[in-house]
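Heads up: the protein sequence lines correspond to chains Y and D, in order.
So the first sequence is residues 1 to 256, counted in the working numbering.
So the second sequence is residues 1 to 64, counted in the working numbering.
I should point out that these hints are in silico values taken from the structure, not numbers from a laboratory.
A portion of the hints provided could be inaccurate.
What the hints assert, rightly or not - Below 27 Å or equal to it, Euclidean Cα-Cα: the simulated BS3-like pairs (lysine-lysine) are:
{"hint": "1", "chain 1": "Y", "residue 1": "Lys152", "chain 2": "D", "residue 2": "Lys29"}
{"hint": "2", "chain 1": "Y", "residue 1": "Lys115", "chain 2": "D", "residue 2": "Lys46"}
{"hint": "3", "chain 1": "Y", "residue 1": "Lys6", "chain 2": "Y", "residue 2": "Lys94"}
{"hint": "4", "chain 1": "Y", "residue 1": "Lys217", "chain 2": "Y", "residue 2": "Lys93"}
{"hint": "5", "chain 1": "Y", "residue 1": "Lys38", "chain 2": "D", "residue 2": "Lys29"}
{"hint": "6", "chain 1": "D", "residue 1": "Lys46", "chain 2": "Y", "residue 2": "Lys82"}
{"hint": "7", "chain 1": "Y", "residue 1": "Lys38", "chain 2": "Y", "residue 2": "Lys175"}
{"hint": "8", "chain 1": "D", "residue 1": "Lys30", "chain 2": "Y", "residue 2": "Lys204"}
{"hint": "9", "chain 1": "D", "residue 1": "Lys30", "chain 2": "Y", "residue 2": "Lys94"}
{"hint": "10", "chain 1": "Y", "residue 1": "Lys225", "chain 2": "Y", "residue 2": "Lys38"}
{"hint": "11", "chain 1": "Y", "residue 1": "Lys226", "chain 2": "D", "residue 2": "Lys29"}
{"hint": "12", "chain 1": "D", "residue 1": "Lys46", "chain 2": "Y", "residue 2": "Lys94"}
{"hint": "13", "chain 1": "D", "residue 1": "Lys30", "chain 2": "Y", "residue 2": "Lys238"}
{"hint": "14", "chain 1": "D", "residue 1": "Lys30", "chain 2": "Y", "residue 2": "Lys175"}
{"hint": "15", "chain 1": "Y", "residue 1": "Lys115", "chain 2": "Y", "residue 2": "Lys152"}
{"hint": "16", "chain 1": "Y", "residue 1": "Lys204", "chain 2": "D", "residue 2": "Lys29"}
{"hint": "17", "chain 1": "D", "residue 1": "Lys54", "chain 2": "Y", "residue 2": "Lys152"}
{"hint": "18", "chain 1": "Y", "residue 1": "Lys108", "chain 2": "D", "residue 2": "Lys46"}
{"hint": "19", "chain 1": "Y", "residue 1": "Lys172", "chain 2": "D", "residue 2": "Lys29"}
{"hint": "20", "chain 1": "Y", "residue 1": "Lys96", "chain 2": "Y", "residue 2": "Lys108"}
{"hint": "21", "chain 1": "Y", "residue 1": "Lys172", "chain 2": "D", "residue 2": "Lys54"}
{"hint": "22", "chain 1": "Y", "residue 1": "Lys217", "chain 2": "D", "residue 2": "Lys54"}
{"hint": "23", "chain 1": "Y", "residue 1": "Lys96", "chain 2": "D", "residue 2": "Lys29"}
{"hint": "24", "chain 1": "D", "residue 1": "Lys29", "chain 2": "Y", "residue 2": "Lys175"}
{"hint": "25", "chain 1": "Y", "residue 1": "Lys172", "chain 2": "Y", "residue 2": "Lys38"}
{"hint": "26", "chain 1": "Y", "residue 1": "Lys108", "chain 2": "D", "residue 2": "Lys54"}
{"hint": "27", "chain 1": "Y", "residue 1": "Lys217", "chain 2": "Y", "residue 2": "Lys172"}
{"hint": "28", "chain 1": "D", "residue 1": "Lys54", "chain 2": "Y", "residue 2": "Lys183"}
{"hint": "29", "chain 1": "Y", "residue 1": "Lys96", "chain 2": "Y", "residue 2": "Lys82"}
{"hint": "30", "chain 1": "Y", "residue 1": "Lys217", "chain 2": "Y", "residue 2": "Lys233"}
Claimed, not checked - Just some of the chain Y residues that point at chain D, by a computed CB distance under 10 Å:
{"hint": "31", "residue": "Gln101"}
{"hint": "32", "residue": "Val130"}
{"hint": "33", "residue": "Ala189"}
{"hint": "34", "residue": "Leu191"}
{"hint": "35", "residue": "Pro221"}
{"hint": "36", "residue": "Val224"}
Cβ coordinates follow ideal geometry from the N, Cα and C atoms, glycine included.
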Amino acid sequence: MPTAVKHQRELGDDVQVIFVECQGADRDTYEAFAWRMKWMGNAAMWTDERPMEMPGSGLPQTALIGVDGTVVLQGNPGALGKRLSEALEAEIKKSKQPPAQAPAELKKAWTLFLKGDLAGALAECDAATVPAAADTRTEFLARINARIERVKRMIEAGEFALAEEHTAALEKSVKGHAETAAKVAEQRAQLNDPANARAKEASKAFEALVEKISTEKPFDPGNVKKMSALAEKFSGTKAAERAERFVALSKLRAGV
Amino acid sequence: MKLSLISFAIASLALAGLALRPAAPEEGKKVDYRFSTPPVNAAGIKSLAELRGKPVLIDFWGTR
């Protein structure tokens, strides 16, 4: 199992792993491969688009992008060995602390923001006299708005179970900040809309089934049958579409 | 003589290949990217910028 899968499973939401297929396999092939290898069922994303050039020739290669969006470490994961885990651990630690370069006057704002108190963090920025306060304020709002947009896309994609989780966290964060609270309330209204009840139930059932089968034998006939039954029961929902896709992928011949 | 010319040609081609291949960003350089198609399991993510504040591990791999 690739180290990155282990990192995603063990570190959960503290890290985002992105797998980039580099040998020209199409989406169906690499997704079916990942299912078959029991690498799915976690937060890792899979794509064949390269967000950056490969650090070296020969696979696998890895690159750690730090909390500030810069390359921290890159190379062959085997050769990097312990350095990669240590660098990742250090970045996770950084993600929970104010940036080292943040002015002392804004440290409290960062601490509040990272604890999920947007209104408190913005109030600290407004009271600060350092020039960086305005940029910090903009950064906080940009990050919260990006999370709200993400929830919108999750709802559009029928990923209600995940959207529910993110919305609950956002509701706590934006409490006391009218503008963002109104945007989060719109998403909550979507989630609570009785018209979405069946799609929500389908999403919950799909996620539960994925969690159960992803580390067993995902394409075992019994699991495929369960997924097929889910697709039939919740026909017409996005979750059913995903279940149907899973069934189709299970039929792809291994190694093709 | 013929052998050295061939060796020179091969070396030149290899160097040209290296020069044509875009270099990977150096450590410390900013990386940003917007996906044209959402990745499998994207959970609403469309770009690396949306992940700012969280470490991102990019794993280049092959199915074959």
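- Which numbered hints turn out to be false for this structure? Per hint list: 1, 4, 5, 6, 7, 8, 11, 13, 14, 16, 18, 19, 22, 24, 25, 27, 31, 32, 33, 34, 35 and 36 violated.
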